[in-house]
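J.: Here is how the chains run, residue by residue.
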Amino acid sequence: MAKAVCPNVSVCMCANCIPQGGGLPRQWQQDSAWVRVKLVPCSGKIDVQYILHIFEDGADAVCVVACPEGECTLAQGNYRARVRTEMVKKLLQEIGMDANSMELLHCSPSESPEEFQQKVREVVAGLVSNCRKDAE
Amino acid sequence: MPAKYHIHTEPAAPRFHIEGKLGIVDWREDCASCHNCVKKSCVYDIYKEETTALNEERGYLDYIYKCKGCLTCVQNCTKNVLTRVVNPEYERLGDSYYNPDIILTTWFQAETGSIPVSGCGYGGPFSGPGFDSMWTDMSEIVRPTRDGIHGREYISTSVDVGRKLNHLSFKDGRLDVDSPPIISSPLPLMFGELPPNWARGSLPGILLDVAKNLGLLAMVAEDDIKDLDPSLVETVIPILGSGAGSEKFIDSPMVIVPDSADVQAVVSAMKKQRAERIVAVRVAASPDVASRVVQLVDLGVEVVNLVHDRHGREDAPDSPRHVRDVVRDVHGALLKAGTRDEMTLISSGGIALPEHMAKAVLCGADLIATVLPPLVAMECRLCGECELGNPCPIRLEETEIEYGVRRVTNLMGTWHNQLLELMGAMGIREARRLRGETGRCMFVEDLEEQAFGRLFGKRKTDYEI
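So the protein sequences, as listed, match chains A and B.
The first sequence finishes on residue 231 if you use my numbering, and the numbering steps up by one all the way, no holes.
The second sequence finishes on residue 506 if you use my numbering, and the numbering steps up by one all the way, no holes.
Everything labelled a hint here was simulated from the structure, so no lab data went into it.
Misleading hints may appear alongside valid ones.
What the hints assert, rightly or not - Label pairs and their in silico Cβ distance ranges:
#	chain 1	residue 1	chain 2	residue 2	range
1	B	E90	A	Q124	32 to 42 Å
2	A	G116	B	Y85	34 to 44 Å
3	A	A194	B	L95	33 to 43 Å
4	B	E490	A	Q124	21 to 31 Å
Beta carbons: idealized from backbone N, C-alpha and C, even for Gly.
Sequences and hints are given; from them, build the entire structure.
T.: What follows is the structure in structure tokens.
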């Protein structure tokens, strides 16, 4: 299998937490980092191995966007996502990488599209600046 | 009897994981590690495949959605840790016209070179917009050994491009008229002009190679033709910006010029340069296009290229018609004028599936020009990122020529086979006779009129196109 182009920051976004009519573009450039959004059917689809594959390919950071706790369509997806992102952070730390290059963000579909986009972009900006700091 | 036209297909596995429709969400933390795990008994081995991919593949890996939706694992898991979900990336494939189902079926055809057979019946709606609101009469389907792909009898899918004489005259027992130039295409299909954002990297070369190998024609914008390989002269149909500079393409079998007020002068000037060269006129589909096409044919134009947008709509501010209705309108007007058989009508735009090709021909086009399906065959997701100036997520422009040629050839092979099956089932043995054969198909508005017209009168709302 050929490899898809790996972005600098990969955003795994639960499709259920996107406000009506207010999704983000598939990819964009932010602070000279390439950001790509991958929709998942539920944040519970996030898997430790897949996230590690993203880092393995050279991504600087991964952001997981989940519904607020207690509002998951599949009941426990965001809870599972929290457990798994913590696991990834622990593993990253163990291998000497920065645990802060992985972030879990909760967004609600009841937010306004602008608010939603701003929240994601802010977290991505934080991840990018953190990576820059590490690089220095 | 000439040899049957056949397109040789060869499997071409996709370069990237396919965006499948269904997947499984797994609360693996609750797994009881049963010895008889339902994942082991998946008849499609999707869990095994995913584990293999995770272990063997390196780097960025998309989630794999290969679930067939049988729900066996979901129902039988003793801890209820599995849930079947629909992949949102699948739902984002393509657009409203090139929907995810069309993209997926095109990928399947490009990969296998086989006709897609679902095997579980048709679960879709009775009727839909565009070509989905017409049906072909398959009453001759009872003769599979005689017709179709494996049939003993010959079904010709070739069509002619150019002016045809409406009668022959003889003098002293010899033909007394010069027959006008004609090009034969083995399929009622040609490759349309690539939109600017797709005319990049290896893509134009792949399409030209396929067209050359299969004997098809390919429209190419004048500006995109730099150093034309002599072996492609018979394949490439240049689309000129105006009549000027046509000497450059003096050897081309056909050129296309835009419609204009002085189009007759342009065409005759080009005919003077080389009479054997066919000159087609490109006309944008619009509400009054039928009268314009009749006028053009009266002026001596031999081929008209009717251009619709990507979704097969005409250029109209309100309620644009679909290619189905525009082509029927133009065909009808030409029949009324008595000039239909003298010209060739090429319809561009809105052809996403092989049945669209057959249906456009049934509506009255001689052949169609298709653009996006060959690109989808090369795994394009129609995500539109290239139109925004962003890099292609799958680096489509870096598609290897040999691989791309194989995928597009497979697609063309399945389109040819599906046309054969359709014509066999309709009892029509020649694509030329399929043209305008509306007596062998049904339209939703006619059926509605027959069934409900007497009760409810005329339909009060427009059809969705």
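J.: A separate judgement is required for each hint: does it hold in the structure or not?
T.: Hint-by-hint comparison with the structure:
1. B:E90 - A:Q124: 32 to 42 Å: Since E90 (chain B) and Q124 (chain A) have Cβ atoms about 34 Å apart, the given range 32 to 42 Å holds.
2. A:G116 - B:Y85: 34 to 44 Å: For Y85 (chain B) against G116 (chain A), whose Cβ atoms are near 36 Å apart, the range 34 to 44 Å holds.
3. A:A194 - B:L95: 33 to 43 Å: Given range 33 to 43 Å: violated, Cβ gap about 22 Å.
4. B:E490 - A:Q124: 21 to 31 Å: Since E490 (chain B) and Q124 (chain A) have Cβ atoms about 55 Å apart, the given range 21 to 31 Å is violated.
The earlier numbered hints that this structure contradicts are 3 and 4.
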